[in-house]
Amino acid sequence: MGEHLPAALLEACVVVGASSEKLRELSQSWQQSPVSNGAPVTLEPEVLHVLAPPFVSRLHTDSELVRSHGRRRRSFIRKKREHLYSTTAAIAQGRTGAEQRGSDDVTVPKDIDLVALPQLCFPGGLQVMSEPREEQFHFLVFTDVFGNKTFSVVMQCFKTIVDDMSQYPNQNGAGSPKLFSAFSFCVISKYPFFTALKDSLSCFLPQLRSCRVSDLEDRVKEFAAKLALVPAPPPGHLHLMFSLRPLTITVPSGEDRDSPTVDLQLHLPLLCFTPQQLLQVLSCLLQEQRVVLFSTDWARLTLVAECLLLFLWPLSWQHPYVPVLARSMLDFLMAPTAFLMGCHISHFEEVASETDDLVLINLDNGSVSTSCSETVNLPEIPGSAAECFTQRCQSLQTQFDLSQCHSPSSTDINEHRAQRRTWQQTLNHDIQRISLELIVNIFRDVCSHLNYEHRVFNSAEFLKTREPNEQLFYTKVLETHIFHSFLKDRLNKKMDSFARMELNTRSETQKMKAKVEVSRRPTMQEIQARRRSSATDHQLKRQGMSLPNLSDHQSFQRTSLLHKIIPDLAFRTPPKPAKIFKLPDFPASLSFHSVQGYYLEIIQQLNKAIFSAQHENSALLARFYYLRGLINTLCSRRLDALSDFQSLYKTDTAIFPTALVTWLVDSLHRDERQQADRRPELKRLILKVKTENEKTLDPGNDHVKKFELPRKPLSLEEFVRCVQECGIVKDVATIHRLFGALTDGQSKQVDPDLFRDFYTFWKETEAEAQDVNLPSDVIEQLDYSECVYKLSSCVKTSHGVGKIAMTQKRLFLLPEGRANFLEITKFRDIQEVKVSSAPFLLLRIPSLRIKSSSRPEVFEANLKTETELWNLIVKEMWTGRKMADQHKDPQYMNQALTNVLLMDAVVGSQQTQKSISAASKLAYFDTLKHDVPMMVPKVTSETLKHKINPSQDLPEPQTVHVLLYTPGQLTCSDSGTEMNPKLWVALSGGRVVVFDATSWSILQDCIMVGECQLNCMLGLVQEQVWIGSKDSVIYIIDTHSMSCNKQLTEHRQEVTGLAVDTREHKSQAMYSCSCDGTILLWDSISLKVKRQFYLSCSRLSSIQIHDGSLWCGCVDSIVELKKSGTPQRRIVLPDDVRSSNFSCFIVMLEQGQLWTGCADSGDLFVFSINSRRSSKRITLPGNSGVTCMIQVKSQIWVGCRASGDHGDGQGRSQVLVLDSETHEVDKELQAHTDSTQTLCSAEGRYVLSGSARGDGKIAIWKVE
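Residue 100 in the working numbering sits at position 88 of the sequence shown; the count goes up by one each step and never skips.
By construction, these hints were calculated from the structure, which means they are not laboratory data.
The reader is advised that the hints may include incorrect statements.
Here are the computed lysine-lysine pairs in the DSBU-like style, where the Cα-Cα straight-line distance is at most 35 Å [stated by the list, open to error]: (1) 202 with 233; (2) 863 with 900; (3) 202 with 588; (4) 505 with 1100; (5) 591 with 506; (6) 594 with 1100; (7) 718 with 488; (8) 718 with 500; (9) 718 with 926; (10) 506 with 1042; (11) 506 with 488; (12) 700 with 1134; (13) 1239 with 957; (14) 1042 with 1205; (15) 594 with 506; (16) 1102 with 700; (17) 202 with 34; (18) 161 with 171; (19) 876 with 821; (20) 1102 with 594; (21) 941 with 894; (22) 760 with 941; (23) 700 with 1135; (24) 815 with 876; (25) 505 with 161; (26) 808 with 926; (27) 1134 with 1205; (28) 202 with 505.
Sequences and hints are given; from them, build the entire structure.
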């Protein structure tokens, strides 16, 4: 049971020293011939006592505890010897070691290695001397084969041994000379509570000084038992405090579940090194060198080593880590693998002379050298990131006394310690921000070269984007285990501190570029900045990037803007204040009943804390529930513990202890299981735990692939995967057209050599575009966001000789020998494009003619062999521009640009007569215009404002199931900053995408909310978004942190509707319904069910609240319920359409009307609420079913199913706008190429419609 119990502050306490037999022998020899010079005698240390929980058990009575308290336990040394003998005998008898361990009454935690522990507790040797020395501390870290760490604080002190050897008096009858032997007290914990454990041992020190050696075990046991009563705090801003006279000790917690616990002084490395030297050390660790730390102070070794690893967070050291090596362990430094180890400065020369290729770091003088040289010849951290880090470090205030010059002197030690702790926490917070910023600056661009679907990192293309003097550093780092682990987290889209800072510090340009899936080219703004940078000796030579749809991080930005990634004001933001929960005083007696009473006292204090935090802070409330669950577990109150952990679903699921809850469920007795079945919330929890345990883990989520060009012919499926992996394009439909172009319809496979040629041409074209040289006058006349995507050879045109350049907006001519600019045309101004021929001597040379509304004359260019390709390119861009303007959808232009670049690569890689025919298969929009009318009806064009694509980062469009608009507010309650309105989009598979509703840019591209379809969403007081899922759970997203950390699990079937009663402003009443007819009324603050109704119907699909009444949309009827849940009226369809099913409804109380739509009928039915009059039928033009309806002002907006085939194999769906008074259709809007799935209103100014996966887009309509 012990290994399943909640972790406490103390895992074990081990006493190490010399055995009593050796001390007795030494005392005798000392009395007979004392050493005149008082030189210390070194003995072999041994484990004397191992004290580990549980210290009390229900099986022991108080009388037994009293009797056993007076008995000494058997010496661990004797037990070891007996164990060795018994093991030998067991082998002779054929028994295993496991069978023998069962009889050993000394419980040793499985993660503790007692063989090496004595040497580590006395790394300089155990000494016996005639004069005592001051107590000393040092720190240890143990790592098992799985990478799990155990931490230890060791206190060495000297105890006199003459009292226990008094039976051997001096022969002369005089008093025996005193001998002092060193003892080590090693407190072991699963968490790095270095300061808390050191403070605890310091409080214990006065007792050790006064007790006899014979009483040592009992005193240590009492001390260890007290620390074992202190639980480890859950992640979050809740620290624990306990009293261990004379000090009050604080046990800190990690910032979140993925962040490390920091209980040391993070500025120690800054006191040992200059920022430049510290960067050199971090560079060695990032490159996984064999690093050895040296110091005269054993304690300094571990503390500085821990700080260095925290500086690398979230990168995690993957190699051997032994921060303290005893003298007998120096051969560890011969290991061929990378490592981080530490040893005494006295071994420096020996280590340096006998071992090669070591990085030697002297913590005492701050020097960094190698075993072969006084300098380190390793690549340095990139200069811009290093410069930013150096500036940040120099701005830190690392002296506590300087910060307290103005403060009065503290007269209370605990008050002084509290001040120091607050200052240290603030400093640690700043240092963590600085180090995290360094890691973000070094690895920010990595995410631009990842393919998440196929888990591929294109390292070769990433290296091409680095500065020449940085490439060696990145080449080494990219091959390390530490980076490989980091890549796994990125590919898993882990939202850790790195991801949050990287997202929050993106520039506006980076955010805009992230929205466009077009091959990367430098913008005019970047070219200008590059030239300014080159004027100050920051030369750039950039090549193509691997994933064309991701953000742009150019070298000039890193050089000139990197140190401003985090504004100084934001950087200096103090850490969030932590709540302190003070534990009661330890019980005077450590009997079972006293300990249980102590736990009950903690539970009482937690009950009060939970009551106080009930309506204030759900995150803090979750920590209190977590703690109470731990204590209830320790008290064997398993049902109460499960109830507390169940409450985490409503407060913060991020700290849910899955393993502990699973063990609790499995350990329930039969009567407890019966009681749990009678408590619905526990029954649901047990069912959920068992269901989760039955799921098999996907082993495919833990690998990283490097992109490699294919070596065998590619089928269509393999071709799609390969193109997506190399980052050329993601869209599956486009890749299918590219497959047809490369095979030219004659083969079912793409030759690997052809693909290599295509890929090489694509990348060479990207690289050439980086070096395009435009005159400054030309750059000034172009928009900052424009990029040159294609440049012709020097040709003769109707405006002289020059090169034709193409951007995403226009064509322009660069005249030969002149640094000026001649605009040929913007794509939207083109009227005609055709191929003609121009006479040249006796020949006729093919030429391209472009007629534009912006110029009176026709532009003609003799492009020779390039004519046909430019004809395809210009027509595709022209058509894409027209469709983008007509449909108010910029993605059409982006898609056209992608098609053009693919055409260019196909022609360039094939170089055959059929290459133009092959490239024409990619002219999607130019072909489409012959089959489908490009013109959008005038009414649609005037009403449509914009279109956005929530699936732009996905290989295929996804269905937009639900839309929710949440209004903005001037200030955010937490940070005091402005919050823009947001659009929440629920896609397939539990994916939620969030848009900024002012710029329609993506704020969050993926918030995973379960794995099932999402049916409904509702915003609550601008702080929460409630989402009902098909898996029967209501998920709650915090709108500030953009995280889903709360779940409501009271429904048994899929949640289909949510509604809020806005009449109660202080405590909004929330209603939810599930398809089985269950309706729950929630307290929106406590998240408890206040009332439950059940409506008998075939399927309950939605609910609405109007004037206090609850209207329920069922498949076969619309039912109005009273507040008590009693049906007040039920409305059904007329007899002639009774076979149809209701899909949506609108209640208009002022007009006394109920509008309804059916999924399989093109009619609306309007019922009178206040009378028994029959319904009115409104026939809708051109549709076969109604999917959704909303009321906006005096209009009814109706979303319809797709119908008909319009020449491209797709249907069209309409959004109809009706006048609620005349019941006439005012507008017929051509909305999507698939069914309209959902509608929502944005403050009555806009209506947004989302479509099924055949279209997958969101249309934004103006409301008149």
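Right, here's what the structure says about each hint:
1. 202 with 233: holds (19 Å)
2. 863 with 900: Within the cut-off at roughly 24 Å; holds.
3. 202 with 588: holds (25 Å)
4. 505 with 1100: holds (33 Å)
5. 591 with 506: holds (27 Å)
6. 594 with 1100: holds (28 Å)
7. 718 with 488: holds (15 Å)
8. 718 with 500: Since the Cα atoms of residue 718 and residue 500 sit roughly 12 Å apart, the hinted pair holds (cutoff 35 Å).
9. 718 with 926: holds (34 Å)
10. 506 with 1042: Given that 35 Å is the threshold and the Cα spacing comes to 25 Å, the pair holds.
11. 506 with 488: holds (24 Å)
12. 700 with 1134: holds (33 Å)
13. 1239 with 957: holds (15 Å)
14. 1042 with 1205: holds (32 Å)
15. 594 with 506: holds (34 Å)
16. 1102 with 700: holds (23 Å)
17. 202 with 34: holds (33 Å)
18. 161 with 171: holds (31 Å)
19. 876 with 821: holds (24 Å)
20. 1102 with 594: holds (33 Å)
21. 941 with 894: holds (10 Å)
22. 760 with 941: holds (28 Å)
23. 700 with 1135: Distance ~32 Å between residue 700 and residue 1135 Cα, so the pair holds.
24. 815 with 876: Cα-Cα ~13 Å, so holds.
25. 505 with 161: holds (25 Å)
26. 808 with 926: holds (26 Å)
27. 1134 with 1205: Distance ~27 Å between residue 1134 and residue 1205 Cα, so the pair holds.
28. 202 with 505: holds (28 Å)
Going through the hint list in order, the structure satisfies each hint without exception.
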